[in-house]
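Enquirer: For reference, the chains in residue letters:
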Amino acid sequence: MLEYSEHPSNFEKKDTIQGNGKSRFYGMDIISVKQFRRQDLNIIFDVARDMRNIVERDGSLDLLKGKVLANLFYEPSTRTSSSFAAAVQRLGGNIIQINNVTFSSVSKGEELRDTIRTMESYADAIVLRHPEQGSANIAAQVCQKPIINAGDGIGEHPTQALLDMFTIVEELGGLDGLTVTMLGDLRYGRTIHSLAKLLALYDVKLHFVAPDLLRAPSDLVADLVENGMKPCKHVELASVMPDTDVLYVTRVQRERFEDQSAYEEVKESYVVNNDTMNMAKNRMIVMHPLPRVDEISREVDHDPRAAYFRQMEYGMFVRMALLALVFGKV
Amino acid sequence: MLEYSEHPSNFEKKDTIQGNGKSRFYGMDIISVKQFRRQDLNIIFDVARDMRNIVERDGSLDLLKGKVLANLFYEPSTRTSSSFAAAVQRLGGNIIQINNVTFSSVSKGEELRDTIRTMESYADAIVLRHPEQGSANIAAQVCQKPIINAGDGIGEHPTQALLDMFTIVEELGGLDGLTVTMLGDLRYGRTIHSLAKLLALYDVKLHFVAPDLLRAPSDLVADLVENGMKPCKHVELASVMPDTDVLYVTRVQRERFEDQSAYEEVKESYVVNNDTMNMAKNRMIVMHPLPRVDEISREVDHDPRAAYFRQMEYGMFVRMALLALVFGKV
Amino acid sequence: MLEYSEHPSNFEKKDTIQGNGKSRFYGMDIISVKQFRRQDLNIIFDVARDMRNIVERDGSLDLLKGKVLANLFYEPSTRTSSSFAAAVQRLGGNIIQINNVTFSSVSKGEELRDTIRTMESYADAIVLRHPEQGSANIAAQVCQKPIINAGDGIGEHPTQALLDMFTIVEELGGLDGLTVTMLGDLRYGRTIHSLAKLLALYDVKLHFVAPDLLRAPSDLVADLVENGMKPCKHVELASVMPDTDVLYVTRVQRERFEDQSAYEEVKESYVVNNDTMNMAKNRMIVMHPLPRVDEISREVDHDPRAAYFRQMEYGMFVRMALLALVFGKV
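Residue numbers (the numbering used here), protein chains in the order written: chain A, 63 to 392; chain B, 63 to 392; chain C, 63 to 392.
Chain A on its own, in the form it takes in the complex (with noise of 0.2 angstroms):
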C-alpha cells in the first residue's frame, strides 16, 4: 500500500475519489519521490512500457479523450513543459498552456492558492512548475483534482526522478546490482537528491564524484544512510568509471565558485569525453537530465552508450503512464 506520510493531504483526496475499482493511483497527486515504493515504480514502469509500444504502432491513443491538462508554469522550463504536453495529447487529451505567471513572491503562496483553485476550475488535474520550495505541497492541499510536481525550486521533481529511473531499467534491464556513479554538482542538484533517494529502494551500489565546494548534502547522506545506502565519495572519476553500470553526469557551473582559480582547477575533472568513455564498460549508459553545456563533449554522443537523448523519450512514456494511472485510465 502506499504511504504518504509525507503528503497527508493525498490521503483526503483520495478517500473522495476512490473506492470504485480504479487503482491507488487515481486522483493521487505526484509531489515527492518519496511516495513511491518498489512496487509502485513497477507498475509505473510497466504502463511507461505499454505507452511506448502503443506510441511506436499508432502514434497515441484515446485514454483521456475530454480531459483537460493545464501546464501552470511560473518559470521556463521547454523540456518539462513539452514533455507533458506531447504526453497529455498522445493519450488523446487537450492542453491548457500557461507560461511565465507574473507573482509576487511576498504574497507567500497566497497567490498560488487563489491561482491553483482557479485553474482547477478549468482543468482536470495541474501540472506545476514554481520556483518555490515547497509550493507543489501548498497547491496540492488547496486543489480538490491532482497536482503534479514539475520542479519546486530545489525541492523536488519526482517525475524527472521517476524517468531516470524507467531509462535506466529500459537500458539495462533493471537496477538491483548496478554501480551509480553521480558525477558534478551534488549539492545544488535536484535531479540529483531525487534519483539517488528512489534508488535508495533497490540494491545499488552509489558513487559520489564531486568537487569539495559541490558535495552532495549531508541530509541527503544521512536519509540515504538511512534506508541502508552507504554512498562513496570521491574527487576524481577515473578510479570509479570501470565499474559503473550509470554515469549520471550534471553541470559543474562556473557561478557556484567564488574563487575562480578553483573552478579552472577542477572543471576539467568533471568533463565526459571519449577518454572517459575508454575507461567504462562496454555495457553502460551515460545519463544527463539536459540541457548540457559542455560537461559532456559532443563526441561522446555518437558512442551507444549515450542514452541522454533516449532518456527525453523515456520521459514522455513514463509522463503519459502518470497521467494515465491519476486519471484512474489503468
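One should not assume that every hint holds.
A pair holds if it fits inside one copy or across any two, identical chains being indistinguishable in the list.
Under the rule of at most 20 angstroms between Cα atoms (straight-line distance), these lysine to any residue pairs were calculated in the SDA-like manner [what the hints assert, rightly or not]: (1) Lys267 with Gly290; (2) Lys207 with Glu118; (3) Lys207 with Arg372; (4) Lys391 with Asp120; (5) Lys391 with Leu123; (6) Lys391 with Ser122.
Think of the hints as simulated: they come from the structure by calculation, not from any bench. Here the structure is a predicted model, which is why all the values come from computation and not from measurement.
Starting from the structure of chain A, add chains B and C where the hints point.
Expert: Showing chains B and C alone in chain A's frame:
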C-alpha cells in the same frame, strides 16, 4: 428580438450567414453587455446549465469538432485566456493561443485590423483581449467571423458580466428581488460597470459602497437611472450588509490615491472578513472577479457563502455556452 | 524525381523511412525552395486545393489524428506560428507551441542540436523558426524526423514562397507568361529572394523596382540569370505598372538608410495607393507578406485586386498540404 443599437456591424454579419434555421446568436459578435436582453440571458444560462451537466458527467463533448478558436491576447490574462481555452477544448474544438502580441499604439488600430484579418484566415472565431477601449468594435468591423470581446481596456468585458449573472442565478435561484451590493473601486472597475448594466434588466436593488475618490462614474449612474434603477450610494458597508444578497467585492488600490493618508484611512473599511460575514444573511453570496489581494480575507474562503471560486467554474460553462451559440451548434 | 543537391541529409532520412508506397515527400525536410521542381509544386498545389475544399466544406479532417507537431519558435512570428498551428489542428493533429526559447548565440548551434533532439523525442515533426541562417540545415542534420524551415534569419522561408506561388496560381490561373514586379526592399527581403528563385522555374518576366540602396543582391541576380531569367531593374514603379500581373510589395524601412534625406527622397515612390492601382490592369493582384506598415495605403484594401489577406488563407492550405505530404498521408 436582439437589438444591436451600438453595434450595427453585427447586422451585416448576421445577415450574411444566417437564415438557415440557426439561432439568432449564430455568427454574432459578443462586444458589449448592451447587446443582451432578458430573453437572451435566459438562453445563454439554459445552455450554460446544459454545459455544466455534460461536463460534470462526461468531461467534454464534440460540438465544435474541427473548429479553431484564436485566443488573441494583447495583454496577459491567465484566467480569461485559460477559461476560453478550456471552454473550446471541452467543446471538442481547437485553440490557437497568441500571447503578448507586440504592437505600436501609434498605429491607431491599423495593425489590429491587419492582425484580425490574418487571424480570421486561420480561425473560425476570435477571442480578443486588447488594452485599448473600442478595439473589439474595430475588430468586429473588419472581421467576417465572430469576435468575442475578452476585455478592451476600460471598455467592456461582457463575458465576465455574463458569468457574474449566471453565478447569481445558479447560487440564488434568480435575479428579481435581490439586493446587490458593489464594494470597493466602483470608478475604474469595468467588471462592476458591465454587471450593473446587465442587472438593470432585472428588478434588483443596487447598493454602491465606495470611498469618495472611487465612486461610480456619473455616466454609469445616469445610464442605470435611465433604465429604471436607483443605486444607493454609501461610504460604509455595515449598514447595507444585513440586507445584501450578493456582495460583489473589488479591490481598492493604493495607487488610486494621491494622498496616502486618505488611503490608509479608508482601506480597512473595504476589507471583507469573518466579522463582515457575521453581519450577513445566511443565504447570500460573496463574489469577486479575481485576482484578489487582501480585500477578502483568506478566512472567508472557508465560508460556504464565498462564491468567488465557484464563479470561475460558472465562467467556463458560460463561455462554452456562448461559443456553442455563436458557432450555431445549439 | 526530387533533387536535393543542397541537402544531402534528406537522402538518408528518406531512405530510412520510405519504400512503402508513400510519395516522395514522405519524411522530407522542407528547408529551401531549391528542393522543389515544377512537378513538386504541382503536387503541393493540388493537395492545397483539396485542403481548401475540405476546409470550406467541413472545417477540418482527421488525416493527422494522433500526430504531434512541435512549433519551435526562437523568435516571435504570430502569423507563421498561428498558420502552422491552425494547419496541423485542421488536419486533426496536435501541436506543442514553444515560444521565445532562450539561447546563447555563442553556442554555435550546439544548443539548437540538443533542443532539436529533445523535441524529436516528443513530436513527429518540427517547425523551426530561428534567427540564424543555416539553423534549419543544422536541425535537419541531427533530426530523424522532418524539419520544416519557418524562416532562418536572412536565409530562407520556403513555405512563405510556396504560399506566394499558390496565391498567384489560384488568383490568376497559372504562372507561365506572367509579369511579376517586386517592389521595395529587394536587398534584405528573404521573402523576395525565395519567391524569385521559385518563379525561375516558370516562364515569368521579372521587374525589380527598388531604391539604389536596396537593390536585389548580385548573387540572387546571378542565380536567376543562370536559371534563364532576366530581371529588369527599375527605380520607379510607374513605367512597369501597366504590364504587371503580380505586384509584390515589401517595406522600405527607414532604418536601412544612413542618410535620412535619401530615405525621405525615395519613400513616396514605394507606396502603393489608389493612384498606383489606377495604372494597373483590371486583372492583376497586389501581394504582401505582411505585416505592412504604410507601404500599401489602407484605401487599397477595398480593391478586389488586393490579394494580401487572401494570401494568408492560401498559406494555411499550403501548410496543410505540406504537412499531409511530409507525414505521408496523401
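Enquirer: Checking each numbered hint in turn, tell me which of them this model violates, lowest number first.
Expert: Structure breaks no hint.
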